[in-house]
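Asks: Chains A and B are the protein sequences, given in the same order. If you're matching positions, the first sequence starts at 19 in this note's numbering and goes up one per residue. If you're matching positions, the second sequence starts at 97 in this note's numbering and goes up one per residue.
Take the hints with a grain of salt, since some may be wrong.
[To be verified] Between beta-carbon pairs, the in silico distance windows are:
no.: 1; chain 1: B; residue 1: Thr245; chain 2: A; residue 2: Tyr241; range: 29 to 35 Å
no.: 2; chain 1: B; residue 1: Asp154; chain 2: A; residue 2: Gln93; range: 51 to 57 Å
no.: 3; chain 1: B; residue 1: Thr288; chain 2: A; residue 2: Phe160; range: 40 to 46 Å
no.: 4; chain 1: B; residue 1: Val381; chain 2: A; residue 2: Leu250; range: 30 to 36 Å
no.: 5; chain 1: A; residue 1: Ala335; chain 2: B; residue 2: Trp164; range: 53 to 59 Å
no.: 6; chain 1: B; residue 1: Val381; chain 2: A; residue 2: Trp34; range: 36 to 42 Å
no.: 7; chain 1: B; residue 1: Leu155; chain 2: A; residue 2: Gly188; range: 26 to 32 Å
no.: 8; chain 1: A; residue 1: Tyr241; chain 2: B; residue 2: Ala128; range: 51 to 57 Å
no.: 9; chain 1: B; residue 1: Thr245; chain 2: A; residue 2: Leu336; range: 45 to 51 Å
no.: 10; chain 1: A; residue 1: Val88; chain 2: B; residue 2: Leu155; range: 54 to 60 Å
no.: 11; chain 1: A; residue 1: Lys20; chain 2: B; residue 2: Thr288; range: 48 to 54 Å
[As the list claims (entries may be wrong)] Sample of chain A residues lacking proximity to chain B, with all beta carbon distances greater than 10 Å (derived):
no.: 12; residue: Lys20
no.: 13; residue: His21
no.: 14; residue: Ala67
no.: 15; residue: Ser163
no.: 16; residue: Ile174
no.: 17; residue: Tyr308
no.: 18; residue: Asn326
Think of the hints as simulated: they come from the structure by calculation, not from any bench. These figures come from a predicted structure and were not determined experimentally. All residues carry an ideal CB built from backbone N, CA and C; glycine is no exception.
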Amino acid sequence: MKHLLRRVAFYLFTAWAAITLNFFIPRLIPGDPVRSMISRYQGQLNADAIQSLYILFGLDEKKSLWQQYVEYWSQLLHGDLGLSFTFFPAPVSQVIGDSIGWTVTLVGITTVVSFAIGTLLGVLAGWRRGSWVDGLLPATTFLSSIPYFWLGLIAITLLAGPGSFFPSSGGYEPGLVPAWDQWFIGSAVQHSILPAFTILISSVSGWILSMRNMMVTVAAEDYITVAHAKGLPERRVALAYAARNALLPNVSGFALSLGFIVGGTLLVEIVFSYPGLGFQLFQAVGAKDYPLMQGVFLVITLSVLAANLLADLAYLALDPRTRKEG
Amino acid sequence: MSTPSAVEVVPVAAKRQPFRFIANKKAATGVAIVGFFVLLAIIGPWIAPYDASARSSDLLQPPSGAHWFGTTHLGQDVFSQILVGTRGVVFVGFLAGVIATVLSVIVGVTAGYLGGAADDSLSALSNVFLVIPALPLIIIITSLLERSTDLMIALVIGLTSWAWNARVLRAQTLSLRRRDYVEAARATGESTWRVIFFEILPNLTAIIASGFVGTVIFAVMSEITLAFIGITTVSEWNWGTILFWAQGQQALASGAWWWFVPAGLAIAILGTALSLVNFGIDEFVSPRLRSAGKTTIKTASGHTVRMRVGFTPVLRTTPLGTRPVSPHAPAVPLDAVDLGVDVDREEKELA
Numbered sequence: 019m020k021h022l023l024r025r026v027a028f029y030l031f032t033a034w035a036a037i038t039l040n041f042f043i044p045r046l047i048p049g050d051p052v053r054s055m056i057s058r059y060q061g062q063l064n065a066d067a068i069q070s071l072y073i074l075f076g077l078d079e080k081k082s083l084w085q086q087y088v089e090y091w092s093q094l095l096h097g098d099l100g101l102s103f104t105f106f107p108a109p110v111s112q113v114i115g116d117s118i119g120w121t122v123t124l125v126g127i128t129t130v131v132s133f134a135i136g137t138l139l140g141v142l143a144g145w146r147r148g149s150w151v152d153g154l155l156p157a158t159t160f161l162s163s164i165p166y167f168w169l170g171l172i173a174i175t176l177l178a179g180p181g182s183f184f185p186s187s188g189g190y191e192p193g194l195v196p197a198w199d200q201w202f203i204g205s206a207v208q209h210s211i212l213p214a215f216t217i218l219i220s221s222v223s224g225w226i227l228s229m230r231n232m233m234v235t236v237a238a239e240d241y242i243t244v245a246h247a248k249g250l251p252e253r254r255v256a257l258a259y260a261a262r263n264a265l266l267p268n269v270s271g272f273a274l275s276l277g278f279i280v281g282g283t284l285l286v287e288i289v290f291s292y293p294g295l296g297f298q299l300f301q302a303v304g305a306k307d308y309p310l311m312q313g314v315f316l317v318i319t320l321s322v323l324a325a326n327l328l329a330d331l332a333y334l335a336l337d338p339r340t341r342k343e344g
Numbered sequence: 097m098s099t100p101s102a103v104e105v106v107p108v109a110a111k112r113q114p115f116r117f118i119a120n121k122k123a124a125t126g127v128a129i130v131g132f133f134v135l136l137a138i139i140g141p142w143i144a145p146y147d148a149s150a151r152s153s154d155l156l157q158p159p160s161g162a163h164w165f166g167t168t169h170l171g172q173d174v175f176s177q178i179l180v181g182t183r184g185v186v187f188v189g190f191l192a193g194v195i196a197t198v199l200s201v202i203v204g205v206t207a208g209y210l211g212g213a214a215d216d217s218l219s220a221l222s223n224v225f226l227v228i229p230a231l232p233l234i235i236i237i238t239s240l241l242e243r244s245t246d247l248m249i250a251l252v253i254g255l256t257s258w259a260w261n262a263r264v265l266r267a268q269t270l271s272l273r274r275r276d277y278v279e280a281a282r283a284t285g286e287s288t289w290r291v292i293f294f295e296i297l298p299n300l301t302a303i304i305a306s307g308f309v310g311t312v313i314f315a316v317m318s319e320i321t322l323a324f325i326g327i328t329t330v331s332e333w334n335w336g337t338i339l340f341w342a343q344g345q346q347a348l349a350s351g352a353w354w355w356f357v358p359a360g361l362a363i364a365i366l367g368t369a370l371s372l373v374n375f376g377i378d379e380f381v382s383p384r385l386r387s388a389g390k391t392t393i394k395t396a397s398g399h400t401v402r403m404r405v406g407f408t409p410v411l412r413t414t415p416l417g418t419r420p421v422s423p424h425a426p427a428v429p430l431d432a433v434d435l436g437v438d439v440d441r442e443e444k445e446l447a
């Protein structure tokens, strides 16, 4: 329990740090982005929006930094992330709300599948060290060295295109209305196969490698020798004795590498024009839509924190040592 | 004291083998490829056959003798762009690696060695940087910069990607600081700085090196990503810029594969080479991780037996217990050897 509380405290602290970072980054920009915004949207921005922008960018010179910080928090706690420039006058929170589901589904499913496949292959590679499985390592290393977006582009060229089963962009058929019916879900699944595969191929090798290395280390432990000596079947020793103990560091690695995976996923979304957060971020960057950029960053960070907390809970369930009081 | 049969001991000066690390095949391959790219980074702009930005009338030509990697929609030579672009990639990668490594050593070793409040605050700091997704952060900071030169990008990447190494270094320092030789150094009155620089740091070399290589990989990928999504200045060539233009001009849709493939392969090869160096370092430090080489033995009776880690076959040439196996035991034909494995069962499980 104490361990859990400490983790929760840490995540709260990190969330605070991320939000504060988000507050300070735009204040370091030289120049006046709001004025250039106002001139771009001549007359379309009302006084409230302009005021909100000034607060967001910290260019409200009448106020002290501390007052700005307090106002920023109060905006944030009201769920107000400012107004998007590109989707003006839609608020950032609405734009993000529309796209977050796509990203969470895509990242969530591919990450879990990639972790499962990678771990299983890693168990095999570690246990069968010196057999053909060793050849798996250079191959997967090469695949993981290819940038996500390039792999995505190649996948689009080779597999997608006119007449192909795989669509090359978007999250669903343009004519469909998002709803929980068979047409929409079918179309969404069809659109997500290629992006999911791209992420899977790029991210699986990390799991294979770390699991293999843990297996090799664990396989030299005395209890493995004892298990062999007891005459237990090979499969049982490999899975119930070695893999079970080798898995633990991989679970904590899972939590830590989520940030990297999310970063890679953003790129895949950009390449496939998948309507998730990464694509929004890409569009925001192109249009210099600072409120949207910051909102996306904040939401991504908070989601990664939440996912980390979940991984911590899983770790707590798996490792009895963390449950010990004291 | 000496007897006639005593072996004369000839003192041999202990030989240092500073490049023993290269003896590892993976590491040697990796170092060679990375060296090749570093060389290209230095001489690339000079040996490029064309000016990378110069337009010509050969629009979108496939690879040929005149243009090895073909041309772009403006008639620019892709091969020259790759050569010129190598410098930016290697420069940013290594500079960011150096910055991140220095930071991680300072934070990690200080936290691990000093302990207490310094440890708590530094660990919290590196954990925060670890959990915040790096790429979106880098994208946001870079897009806010007025002028995003290679130097600025290297700084941004270096300053945001040190946390993982700091964490690893802290853990290792924690385990080193209570070792006997460190205690001894402290007991003899060595200053804290001397203990850190002369007792602890040399023993962290391998971890620092592999952390450095890992950061270089990450920095190269990030830089190319930034260029690809068009945040950095497009006037400076790097592999990501090439991909940016290729994507912007729908190169793949128009079948201009030569515009995409060389840059992507260059990235993948450089990344693989750096990973190989890292494997080499890992295996150098922890020999267990090495590929085990040939582990299967074919017995004369036609069975295949596989050796495993953590599993020691026992040579049993005579009924158990009658004669210990000594190093001077005569060679035994393999089919007479009972490896202590139920071969048939082993093979059933393999299937």
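Asks: None of the hints should be skipped; say for each whether it holds.
Replies: Status of the hints after comparison with the structure:
no.: 1; hint: B:Thr245 x A:Tyr241: 29 to 35 Å; in the structure: violated, 56 Å
no.: 2; hint: B:Asp154 x A:Gln93: 51 to 57 Å; in the structure: holds, 55 Å
no.: 3; hint: B:Thr288 x A:Phe160: 40 to 46 Å; in the structure: holds, 45 Å
no.: 4; hint: B:Val381 x A:Leu250: 30 to 36 Å; in the structure: holds, 32 Å
no.: 5; hint: A:Ala335 x B:Trp164: 53 to 59 Å; in the structure: holds, 57 Å
no.: 6; hint: B:Val381 x A:Trp34: 36 to 42 Å; in the structure: holds, 38 Å
no.: 7; hint: B:Leu155 x A:Gly188: 26 to 32 Å; in the structure: holds, 30 Å
no.: 8; hint: A:Tyr241 x B:Ala128: 51 to 57 Å; in the structure: violated, 41 Å
no.: 9; hint: B:Thr245 x A:Leu336: 45 to 51 Å; in the structure: holds, 47 Å
no.: 10; hint: A:Val88 x B:Leu155: 54 to 60 Å; in the structure: holds, 58 Å
no.: 11; hint: A:Lys20 x B:Thr288: 48 to 54 Å; in the structure: violated, 32 Å
no.: 12; hint: Lys20; in the structure: holds, 16 Å
no.: 13; hint: His21; in the structure: holds, 15 Å
no.: 14; hint: Ala67; in the structure: holds, 21 Å
no.: 15; hint: Ser163; in the structure: violated, 3 Å
no.: 16; hint: Ile174; in the structure: violated, 7 Å
no.: 17; hint: Tyr308; in the structure: violated, 8 Å
no.: 18; hint: Asn326; in the structure: violated, 6 Å
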